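Spelled out from the first residue to the last, the chains are:
Protein chains: 2
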Amino acid sequence: MAHDPLPSWNDCAAKSTIIDFVARVTRAGGPDYVRPAERIATFDNDGTLWCEQPMQVQFFFGLARLEQFAMQVPDLRQRQPFKAFLEHDIRTIRKLGKAGFFEVAATTHAGMTEEDFDRHARNWLASTPHPQLGRPFTELTYRPQKELLSFLRVNGFKAFIVSSGDIDLIRAFAEEIYGVPREQVIGSSVKSRFEVRDERVVLAKLAAIHNFVDQEVKPQNIALHIGRRPIFAFGNSDADLPMLRYARTGPGPRLALLIHHDDADREFAYDRRFKVSPLSKALDKAGDYGITIVSMKRDWRIVFDDGFPPVEAPLAPEAGAPLDKPTRRLPEIH
Amino acid sequence: MAHDPLPSWNDCAAKSTIIDFVARVTRAGGPDYVRPAERIATFDNDGTLWCEQPMQVQFFFGLARLEQFAMQVPDLRQRQPFKAFLEHDIRTIRKLGKAGFFEVAATTHAGMTEEDFDRHARNWLASTPHPQLGRPFTELTYRPQKELLSFLRVNGFKAFIVSSGDIDLIRAFAEEIYGVPREQVIGSSVKSRFEVRDERVVLAKLAAIHNFVDQEVKPQNIALHIGRRPIFAFGNSDADLPMLRYARTGPGPRLALLIHHDDADREFAYDRRFKVSPLSKALDKAGDYGITIVSMKRDWRIVFDDGFPPVEAPLAPEAGAPLDKPTRRLPEIH
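Chains as they are written, first to last, in the working numbering: chain A, 1 to 334; chain B, 1 to 334.
It should be emphasised that the hints constitute simulated quantities derived from the structure, not laboratory data. Check before you lean on any hint, since a few could be wrong.
Since the list can't tell identical chains apart, any single copy or any two copies may satisfy a pair.
Stated by the list, open to error - No farther apart than 16 Å at their CA atoms in a straight line, the calculated lysine to aspartate or glutamate pairs in the EDC-like style are these:
(1) 15 x 38
(2) 285 x 199
(3) 191 x 216
No experiment lies behind these values; they were computed from the predicted model shown.
The following block holds chain A by itself, in its conformation from the complex (with noise of 0.2 Å):
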């Protein structure tokens, strides 16, 4: 092809399987032609956006706070769950479940404003490498991802991040690091509480669950935020299942995509890694499903994006078109 909208991927099935579906749901007067107001991209993010190994950027970030708090608590070290986030106990966090793990992590920043846990949050990316990587979190974002999201977008899509990281610790980097706005963002989330300060209005966050976004939750909160069904999705584990087929079992195009976390010298190596893991089930059932499924190892050319060259928008087939003129009467009913 002349231009190539996916550079950092090798020439593999799920590249042209890529290329084909956009093509096709954007082919004016074609039998598969998708108007752009229903061009809905859902992707995960830890694990399928960007590394969510050893320990998904979410522990490293409440970690960073429960030490400041032990500092002034140091009561703190031998009361758990807390001992065993800051002993790195990572068998006794697990046993937390993913639930109970962001609860530690995510209450933390109880008392914070939205703007204060902004900037906190900002300020943590931008001042804290990988544990093993030794680089920002934000290098460790995958390029062919980026390259998608960009292809995506200028084709008329509007991708959003469905993830049961917290909701407000994704938005301080999506816009500059994926191109992917706050209102397209979704995912778990605290309680706040409405308070006036010096006649300001602000909502200051609480130390108690509002939602957490994992599993069955996942399209549940994709139809409470968006409203509509995405035509593709794409996750790595089985937490993304339901997301998966929620959006490949639609009418018309469809396409949903799991990452196989295959490529130990350039990643981590860990789908089948524990007894119970939990990226197996979506790996077996992804044939039964209709999952496409993309080896890092096979079907990347590059992992991470270092930012050089900037990751660039491709060319469009067509221009990404506006919404459609609002109309007087509404539609025929099917």
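Fit chain B to the supplied structure of chain A, relying on the hints for placement.
Chain B only, in chain A's frame:
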């Protein structure tokens, strides 16, 4: 001015304030410039974008469904709160409170999938006239507000609806009628169940409230869905005050507006009709909170939009700029 972007507004202080505000925030290099990603506007729906008298559209929508049920289960006519709905006993219905009222109206659609509900809502909207005004509810939208939505849109704003009404009922017409896509609607919602029916994933509505979006819950849901404090907000009742104050009290240029329902001839004058009016506090406090009051009687040349001529997109001072390109570095922290 050469081209009037708000022709259904009389030349009034509110109109000048709006036009001046939009000019300031879009003037590149000016002191009040706001980049497109941050040009978030939020609108209440009932009484702000369309008529909410004698009862909110939600009532008539729930009632129609209850009447279907009552044909099959005649006993329903004797049981409260259904009896009050079926007898249009407004006094008793008001005693339920807004949340209780929503609960009855919304849970009548339990069992429907998202797609069922959308079809059902579109059919109902297309076939049901307003009981007093004899026109479809979708023609009882305010033309000056549709011009305003269009004016904001061409100036790079993203306008969201934030309503206590059913999120999916609003989505069934917001795109066609207001040009507001489904993902820019925030509203009250019921819980859903993830089900696999014939190999197909569906989300079935339950007879249980997930969230009732009113008062302080409006800013809380703006934070959840949008993740940005709006710079522009428009409401009409006490229930909108927290949202208007939230928008008004952020840094930089801000505009919050409140409709005064004082036009008995063309709509309904109902702001002070009840002993404890749900509109009085907002009107009383508007001055203190820096909220601009829009008098329907004085400031609007036309009220309802019958669709002719169609609301046209006014010319933009600058083209709606796309989302800023992702950059490698996180921005400076201030």
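Okay, the hints, checked on the actual structure:
1. With identical chains, the CA atoms of residue 15 and residue 38 are never at most 16 Å apart, being 22 Å at best within one copy and 34 Å at best between copies.
2. Taking the shortest Cα distances, residue 285 and residue 199 sit within 16 Å of each other only across copies (13 Å), while inside one copy they are farther apart (55 Å).
3. For the identical chains of this complex, residue 191 and residue 216 are inter-copy neighbours only, at 12 Å across copies versus 21 Å inside a copy, given an alpha-carbon limit of 16 Å.
Checked against the numbered hints above, the structure violates only hint 1.
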